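The task is simple: from the sequences and hints, build the whole structure.
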Amino acid sequence: MSVTEDRARGVAEAIDRLECGRVGYVPSNTVAPIILRLEETDRARGGTRRVFPVSREEEAVGIIGALPLTGAFGAIVMQDNGFGNALTALTTFSLAYHLPLLVVANTRGGLGEYNSMIHAVSGGVPDLLAAVGIPTFRLDRRNSPDDWRETVYEAGRHARMTFRPVVVLMEFWDGVAGGRRA
Amino acid sequence: MRRIEALRVITSATADLPVVATCAATSRELAAVADRDNHLYLLDSMGLTSSVGTGLALGVADSAVEHVVVLDGDGSLLMNLNALATAGYLLPEALVLVILDNGSYASTAGLPTYSQTLDLGRIAEACGLRVARADDTAGLAAALTAAFAEPGPTVLHVRTEPGNAPDIPLLLVDPVVLADRFRRWLTARMAGRTDSPERWADEVGEVGQ
Numbered sequence: 001m002s003v004t005e006d007r008a009r010g011v012a013e014a015i016d017r018l019e020c021g022r023v024g025y026v027p028s029n030t031v032a033p034i035i036l037r038l039e040e041t042d043r044a045r046g047g048t049r050r051v052f053p054v055s056r057e058e059e060a061v062g063i064i065g066a067l068p069l070t071g072a073f074g075a076i077v078m079q080d081n082g083f084g085n086a087l088t089a090l091t092t093f094s095l096a097y098h099l100p101l102l103v104v105a106n107t108r109g110g111l112g113e114y115n116s117m118i119h120a121v122s123g124g125v126p127d128l129l130a131a132v133g134i135p136t137f138r139l140d141r142r143n144s145p146d147d148w149r150e151t152v153y154e155a156g157r158h159a160r161m162t163f164r165p166v167v168v169l170m171e172f173w174d175g176v177a178g179g180r181r182a
Numbered sequence: 001m002r003r004i005e006a007l008r009v010i011t012s013a014t015a016d017l018p019v020v021a022t023c024a025a026t027s028r029e030l031a032a033v034a035d036r037d038n039h040l041y042l043l044d045s046m047g048l049t050s051s052v053g054t055g056l057a058l059g060v061a062d063s064a065v066e067h068v069v070v071l072d073g074d075g076s077l078l079m080n081l082n083a084l085a086t087a088g089y090l091l092p093e094a095l096v097l098v099i100l101d102n103g104s105y106a107s108t109a110g111l112p113t114y115s116q117t118l119d120l121g122r123i124a125e126a127c128g129l130r131v132a133r134a135d136d137t138a139g140l141a142a143a144l145t146a147a148f149a150e151p152g153p154t155v156l157h158v159r160t161e162p163g164n165a166p167d168i169p170l171l172l173v174d175p176v177v178l179a180d181r182f183r184r185w186l187t188a189r190m191a192g193r194t195d196s197p198e199r200w201a202d203e204v205g206e207v208g209q
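In the order they appear, the protein sequences are chains A and B. Under the working numbering, the residues of the first sequence are numbered 1 to 182, in order. Under the working numbering, the residues of the second sequence are numbered 1 to 209, in order.
Honestly, the hints are just simulated from the structure, not real lab data. These numbers come from a predicted model, not from an experiment. For glycine and all other residues, C-beta sits at the position ideal for the given N, C-alpha and C. Keep in mind that the hints are not guaranteed to be accurate.
Derived Cβ-Cβ restraints for the label pairs, each shown as a range [what the hints assert, rightly or not]: (1) A/115 / B/165: 47 to 57 Å; (2) A/114 / B/137: 28 to 38 Å; (3) B/32 / A/47: 40 to 50 Å.
Below you can see the structure in the form of structure tokens.
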């Protein structure tokens, strides 16, 4: 199993350990292994619809972000360029109503990104999230797969303890071993 | 039928159900008709109401709460028309989506919406959702009764007159307070509790702990 696969497995394991009642995702090649692992877990549990696609990121914030009002907790898996779509929902709903939410997002604005256009939004995402007060933790090639897993898990706990959305930005670029992108 | 007349019918039928309302004039008029713990007012979050309602409907599955009532407007829904497709895909049985369609952005100068020429009910049907229609208070009351009699999701496409009710006060409440009172009410109802909120306020645990 490659390091990239180990990271994806760790992220999925963390979401499972957090007992996320629902996981909404906006598709991406990079996060697909995380989604596939979560769906694999669901099939092993007898087939639930815990994991489902959502058409846009702000819609995911509305659906998954509402779960704490029912006593549950959820996670969104997406790409970081989607924060451009989701910013009003994250701020005026999740932040303003103090609703915990875990968002794990692969990055498209850093090393290894081939698409010159997408840097224009993704490169500014960390500053964007900081400007609106959304706690953000970052993972990249320097973190071990175990660290990826534990960081995502603790970020989910952090969201619950602080009653707000928390983001983990995941840069999957592997340096000399790289080569995959969405 | 004016929107506030529709809201009076809806509040009389939803005292025991969670209700989430779209922003601006709709939430303000709802609070003016009846300000209850089972109401969640979205003070901004433009276009997000139906998505929030879908999340709530998923969250109450397998609990004592059988329906979640969403009060969206034509303008708000058109800002996030994806919500109909997602509801049609996920089919949350508790969802009762009421589209209060006045053909205009009534909170923003009454500018026209697409619903003056597009039929939002037909769009919902195309997404695989069951749709009922009403354009007067008696029809709305009957449609709500029918919607609550069986599993959903159900969409009620309700035509109302343009304009807002006069002299409705602003909703100057901290969203944290709105969310907390709604959550306490809802989680208690999900557990089958129907007694006074004061009695269970200290018993309901914090989120996901």
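Evaluation of the provided hints:
Hint check: residue 115 of chain A to residue 165 of chain B, Cβ distance near 50 Å, so the stated range 47 to 57 Å holds. Taking 28 to 38 Å as the suggested C-beta distance range, the pair residue 114 of chain A and residue 137 of chain B does not conform, at roughly 59 Å. A hinted range of 40 to 50 Å for the beta carbons of residue 32 of chain B and residue 47 of chain A is consistent with their spacing of about 46 Å.
When the structure is compared with the earlier hints, a violation turns up for hint 2 alone.
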